[in-house]
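Undergrad: Sequence:
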Amino acid sequence: MARPLNINISIEVLTSENELTAPEKRAWDKAKEATNNAYAPYSNFLVGAALLLEDGTIHIGNNQENAAYPSGLCAERTALFGKSAVLPDMPIELIAVAARKAGTEAFLCGSPCGGCRQVMTEYENRQGKPIKILLQGKGTEIYRLASVSDLLPMQFSKMDLLG
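Under the numbering used here, think of the first position of the sequence shown as 6, with each following residue one higher.
Please keep in mind that the hints were generated in silico from the structure rather than gathered at the bench.
One or more hints might be untrue.
[Said to hold, decoys possible] In silico EDC-like pairs for lysine to aspartate or glutamate, Cα to Cα no more than 16 Å straight-line:
| hint | residue 1 | residue 2 |
| --- | --- | --- |
| 1 | Lys137 | Glu29 |
| 2 | Lys137 | Glu98 |
| 3 | Lys30 | Asp94 |
| 4 | Lys88 | Glu70 |
| 5 | Lys137 | Asp155 |
| 6 | Lys106 | Glu38 |
| 7 | Lys143 | Glu17 |
| 8 | Lys30 | Glu146 |
| 9 | Lys137 | Glu127 |
| 10 | Lys143 | Glu110 |
| 11 | Lys137 | Glu59 |
| 12 | Lys88 | Glu98 |
| 13 | Lys134 | Glu59 |
| 14 | Lys163 | Glu127 |
| 15 | Lys134 | Glu98 |
| 16 | Lys35 | Glu22 |
Here the structure is a predicted model, which means the values were calculated and not measured.
Throw the hints in and build the complete structure from the sequences for me.
TA: Right, here's the structure in full:
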């Protein structure tokens, strides 16, 4: 007999940047700043990501498009892959993601694509502890999630491969 599978996630809605901790605010500002160097001549959708690492440093990334779709890469993955290349064993505390349209200053409500969610969960599982996420909400709201797993509760992991 079929039974429901209930999945619950919790999203903390902050009403302004003033509710961020000092380290969160640093990462949030860096994510927004990273949109300035995004290469998005086709979509004009500029995305920046900032990783707050355990040692307090911040590693950024931004989306990089290519005329030969899908050869580009999202901001979250450029940040994660770049960090892993230079600091493979440094745990990630938080990922902040910001997006805006080219020619505007207003940041848009949005969240990572499915591919980025899968990659972020791989990093969270690999380090064995949650990675918090900050996303732009509606207006001045910021969404804070306690774990990447909240974005992809039915994730595919190495346990699916290993059985």
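Undergrad: If a hint holds in the structure, say so; if it does not, say that too.
TA: Verification of the hints:
1. For the proposed pair Lys137 and Glu29, the alpha carbon gap of about 10 Å is at most 16 Å, so the pair holds.
2. A C-alpha spacing of about 6 Å is found between Lys137 and Glu98, which places the hinted pair at or below 16 Å, so the restraint holds.
3. Between Lys30 and Asp94, the direct Cα distance comes to roughly 24 Å. Violation of the 16 Å bound is thereby established for this hinted pair.
4. Taking the CA atoms of Lys88 and Glu70, the gap is near 20 Å; set against the 16 Å cutoff, the hint is violated.
5. Of the pairs offered as hints, the one joining Lys137 and Asp155 holds, with about 10 Å between alpha carbons and a cut-off of 16 Å not exceeded.
6. For the hint linking Lys106 to Glu38, the alpha-carbon distance of about 13 Å falls within 16 Å, and the restraint holds.
7. Proposed proximity of Lys143 and Glu17 is supported: the alpha carbons are some 13 Å apart, at most 16 Å.
8. Pair hint Lys30 plus Glu146 holds up; C-alpha atoms about 13 Å apart against a cutoff of 16 Å.
9. Proximity of Lys137 to Glu127 is assessed by CA-CA distance (about 14 Å); at most 16 Å being required, the pair is judged to hold.
10. Between Lys143 and Glu110 the alpha-carbon distance is near 15 Å, which keeps this suggested pair within the 16 Å criterion.
11. Restraint check: the Cα-Cα separation between Lys137 and Glu59 comes to about 12 Å, which is no more than 16 Å; the hinted pair holds.
12. With a C-alpha separation of about 13 Å, the suggested pairing of Lys88 with Glu98 holds against the 16 Å cut-off.
13. At roughly 11 Å between alpha-carbon atoms, Lys134 and Glu59 fall within 16 Å of each other, so this suggested pair holds.
14. At most 16 Å may separate the alpha-carbon atoms for a hinted pair to count; Lys163 and Glu127 meet this at roughly 9 Å.
15. With a CA separation close to 9 Å, the supplied pair Lys134 and Glu98 stays within the 16 Å bound.
16. Annotation: proposed proximity of Lys35 to Glu22 holds, straight-line Cα distance about 13 Å (limit 16 Å).
Checked against the numbered hints given earlier, this structure breaks hints 3 and 4; the rest are met.
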